[in-house]
Amino acid sequence: MAEAVLARQPKAGSRAEARGARPRPMLSRRNIVVYGTLFVVSVYYLLPLYVMVVTSLKGMPEIRMGNVFSPPLEITFEPWVKAWATACTGLNCDGLSRGFWNSVRITVPSVIISIAIASVNGYALANWRFKGANIFFTILIVGAFIPYQVMIYPIVIILREMGVYGTLTGLVIVHSIFGMPILTLLFRNYFASVPEELFKAARVDGAGFWAIYFKIMMPMSLPIFVVAIILQVTGIWNDFLFGVVYTKPDTYPMTVQLNNIVNSVQGVKEYNVNMAATILTGLVPLVVYFVSGKLFVRGIAAGAVKG
Amino acid sequence: MATKAAGRPNQLFRNLNAKIASIPMIFTALVVFVGGTTWTIVYSFTNSKLLPRLRFVGLDQYERLWSTPKWLVSIENLLIYGILSLVFSVIIGFILAALLDQKIRFENTFRTIILYPFALSFIVTGLVWQWMLNPDFGVQQVVRNLGWESFTFNPLYDQRIVIYGILIAGLWQGTGLVMCLMLAGLRGIDEDIWKAARIDGIPMWKTYLFIVIPMMRPVFITTLVIIASGIVRLYDLVVAQTSGGPGIASEVPAKYVYDSMFLAQNLGQGFAASTMMLLTVAIVVVPWAYLEFGGRAKRG
Amino acid sequence: MFSVSVKNLDLSFGDVQVLHELNLDVAQGEFLVLLGSSGCGKSTLLNCIAGLLDISDGQIFINGRNVTWDEPKDRGIGMVFQSYALYPQMNVRGNLSFGLKNARVPKEEIDRRVARAAEILQIEALLDRKPLQLSGGQRQRVAIGRALVRDVEVFLFDEPLSNLDAKLRADLRIEIKRLHQRLKNTMIYVTHDQIEAMTLADRIAIMRGGAILQLADPHTIYARPVNKYVADFIGSPSINFLQGDISTRSRPAFTADGIMVPLERYQFTGNGINEGPVSFGIRPEHIVVGEQAASLPFHMEVEAEVVEPMGSDTLVWTRLAGQDFRFRVDGQLPLKEGQRELIGFDPSRASIFDGETELRL
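Protein chains in written order, with the working numbering: chain A, 1 to 307; chain B, 1 to 300; chain C, 1 to 361.
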């Protein structure tokens, strides 16, 4: 069952094996070039992460003396504590924790609502085609390419009219709207790849729109839901623009607050606190990324290649 | 004819549930995307300042826009950043994908390492690289400490090269995605092509260059469109890394729009600038969409 | 009263007319096969009967009730699909009872019907397995079971055996036939496989281009095809066609490049005989070889050009009247390429088609 569903996944991982020349002796010149290059590249990609971590564990005096790459002589967790609990943004001095909880309160409902809407919509588009549906869908997909800047202000007006401008609710609505194109596409393509006869069989069996969705389609589609969750959690957590436009300082998500802490012009720069705050902000998507592994790759491949 | 198809239910109520389920999509497509875009374009011809007002001033906002140094710098930066990031991310991404496609060990490890920056926020990326490129403690100082006293690499505080400092961070974050797309494309190529090329004695680099890459044309085009539409949105990275500085040296259009709308209280300028951004995207996307879907629709 | 009745059915997708002015009546308990190559509209017609496609015009009756705009579940049909279409996350019992649960049938009744279907199809041992743990044949049995439990009058089969390998297909074919004999429901069965059609059907409807060309019992379809397409479609190896003319000068005969076939024994259809170009069809298995051929109205010596032994019999390629010609001989007959042999046939077994309209003469 699981394999069957996974096998229906488009694109990514369509071929299990890597290609290229047959295996050769490990120490051939070619292997040295390939592994050597990849090793150097890996070091380059890992370096910033390393620098973030070591900086965040140093005291300020040590940072002023040494260079960014040297490991800490004396490990201190003080910067982490300060970044989380007491760093100041404007008048608030309760650290990033406020932003963290704001981001949680934004991300959880946004992910649930946007996926609920998009999955039902994708299902309707794939299996219950009605006249005109494709016109709206085309507009939706084309709309995904419109720079957000073009729609920012009209949405401010809409949210203000609804009385939710500056609130977390407003931001949740915005995330649900802008998550719709890619998610709808993702779900539509997935449901369209489910054999149509299954859908027909369910109709003969007397299942209606919602029964087929909840009893047949959804249980078959858990992997694509996981992909969508990964896509949305990282996307919404990492958002900055909507956060800064549609929320107020009290409700700023973590990214906005992080930027305000680090780039505030007042006071002495505390690089170790800044880096600790940066890691803290990056932690959620990183954990999602490392835990989800291949599904993350599949999500961006499915979303991107098809989109 | 009259009796035929008698009893046909009202078309409006057929598939009613599907229509209900599509209401959010219809709302988003019509009100937000079409409505919002139209609204912004219309108001870009007004002299709205703090609040949107329908007092039309023709192309004034656009004339002002194109005579504002900050906007011109923004456009120049976007062009430099855009072209270089397209070229480098595609080349690097493809080479990395080709390396990972050599039946190597630890493929997953390497891929995980190269892709992880993509999971991070632009804000995080920008701040890390701000720190890495810090002239007093970062790369420049490290090299100087090694004995090369005159070494200078200080992009974030040098107006002439600040955009390249942002490019470094942008590439660090975005190449992994390109690599993944390319890898998916490479894996989609029939194994027999490789066997045939080997039997014909074609060297590997030639196989890539003359057989595989042409076969991957759709993947390349899609990748280019995705990167390009991302480039136009470049905003968070600049805000975090340089805040547009030093001076206005690293301004970008998206930031110009935000600043006009929400800081300078000059809505009209913001609308005009965002309409210009839309135009830029249209120039990239419309030909692609036409080739990709217009042709297909006709064939289908 | 007909079990299923389709009246003047039209179906178009946009500008494309898929089914045109289609009429079909299926009697109670009849096994009707819709046969045709892919794209002929046979599955589409079945989907219309099932209510899975909205028709553009016309009416559909099932058991005397107008069901044209009814939901599939309300039409009193059960359907079996080519890809089995089993719900992968449910076990066999769940698959069989899903429709009944949707119809809010009481639990004991569900259990009773599932048990009966499982008994008929001999899948009792599989009830707790998931579809992925079943073989192709078992899956199709479950799919049939899903139609069975619905206790309906009409079964619709959409190429149910096409995904199975040849041997399983033959086995299940017999089972479906037994099932029909036992249950005596109306069955409408779509296939592109003429063996399935010939072996299962009470009547076959041959479809092409969204229309029914011929609707008749298998033997009539085989022996008296209404047009050239049907003649060509039915029969394996396919029928021989000789291009030539009908002449009525002294007596009716078919003439082509050096041969003349007397047609006194050929049964022409109503309209009498006209001279003109025709296709003369004669099946390879109706050719008689050797001494017996000499006594037939038409016989001639030909040279075997290619010999294809197929075990039980052998297909021999030759040329007749300068045209390709095949005939079938017993597999035991020692026949070599280049060998000359006397062949002959009875013109009453032939089918002659107008050169222009391709209709049977």
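Possibly wrong hints are sitting among the right ones.
Stated by the list, open to error - The calculated DSSO-like cross-link candidates involving lysine-lysine, where the alpha carbons are at most 30 Å apart (straight line), are: (1) Lys184/C with Lys131/A; (2) Lys130/C with Lys215/A; (3) Lys215/A with Lys73/C; (4) Lys167/C with Lys177/C; (5) Lys167/C with Lys130/C; (6) Lys70/B with Lys269/A; (7) Lys184/C with Lys167/C; (8) Lys101/C with Lys215/A; (9) Lys107/C with Lys130/C; (10) Lys103/B with Lys131/A; (11) Lys7/C with Lys167/C; (12) Lys177/C with Lys130/C; (13) Lys19/B with Lys215/A; (14) Lys101/C with Lys130/C; (15) Lys248/A with Lys103/B; (16) Lys7/C with Lys177/C; (17) Lys19/B with Lys49/B; (18) Lys248/A with Lys215/A; (19) Lys19/B with Lys167/C; (20) Lys294/A with Lys130/C; (21) Lys131/A with Lys130/C; (22) Lys101/C with Lys167/C; (23) Lys73/C with Lys184/C; (24) Lys206/B with Lys103/B; (25) Lys215/A with Lys269/A; (26) Lys7/C with Lys107/C; (27) Lys248/A with Lys70/B; (28) Lys131/A with Lys248/A; (29) Lys294/A with Lys103/B; (30) Lys294/A with Lys195/B; (31) Lys195/B with Lys206/B; (32) Lys19/B with Lys184/C; (33) Lys215/A with Lys7/C.
Hints are computed from structural coordinates only; laboratory data are not their basis.
Against the structure, the hints:
| no. | hint | result |
| --- | --- | --- |
| 1 | Lys184/C with Lys131/A | 41 Å, violated |
| 2 | Lys130/C with Lys215/A | 15 Å, holds |
| 3 | Lys215/A with Lys73/C | 17 Å, holds |
| 4 | Lys167/C with Lys177/C | 16 Å, holds |
| 5 | Lys167/C with Lys130/C | 24 Å, holds |
| 6 | Lys70/B with Lys269/A | 28 Å, holds |
| 7 | Lys184/C with Lys167/C | 26 Å, holds |
| 8 | Lys101/C with Lys215/A | 12 Å, holds |
| 9 | Lys107/C with Lys130/C | 21 Å, holds |
| 10 | Lys103/B with Lys131/A | 48 Å, violated |
| 11 | Lys7/C with Lys167/C | 38 Å, violated |
| 12 | Lys177/C with Lys130/C | 27 Å, holds |
| 13 | Lys19/B with Lys215/A | 20 Å, holds |
| 14 | Lys101/C with Lys130/C | 18 Å, holds |
| 15 | Lys248/A with Lys103/B | 51 Å, violated |
| 16 | Lys7/C with Lys177/C | 28 Å, holds |
| 17 | Lys19/B with Lys49/B | 40 Å, violated |
| 18 | Lys248/A with Lys215/A | 42 Å, violated |
| 19 | Lys19/B with Lys167/C | 46 Å, violated |
| 20 | Lys294/A with Lys130/C | 27 Å, holds |
| 21 | Lys131/A with Lys130/C | 37 Å, violated |
| 22 | Lys101/C with Lys167/C | 35 Å, violated |
| 23 | Lys73/C with Lys184/C | 21 Å, holds |
| 24 | Lys206/B with Lys103/B | 19 Å, holds |
| 25 | Lys215/A with Lys269/A | 56 Å, violated |
| 26 | Lys7/C with Lys107/C | 38 Å, violated |
| 27 | Lys248/A with Lys70/B | 27 Å, holds |
| 28 | Lys131/A with Lys248/A | 42 Å, violated |
| 29 | Lys294/A with Lys103/B | 17 Å, holds |
| 30 | Lys294/A with Lys195/B | 28 Å, holds |
| 31 | Lys195/B with Lys206/B | 14 Å, holds |
| 32 | Lys19/B with Lys184/C | 41 Å, violated |
| 33 | Lys215/A with Lys7/C | 36 Å, violated |
In this structure, the earlier hints numbered 1, 10, 11, 15, 17, 18, 19, 21, 22, 25, 26, 28, 32 and 33 are contradicted, and the remaining ones agree with it.
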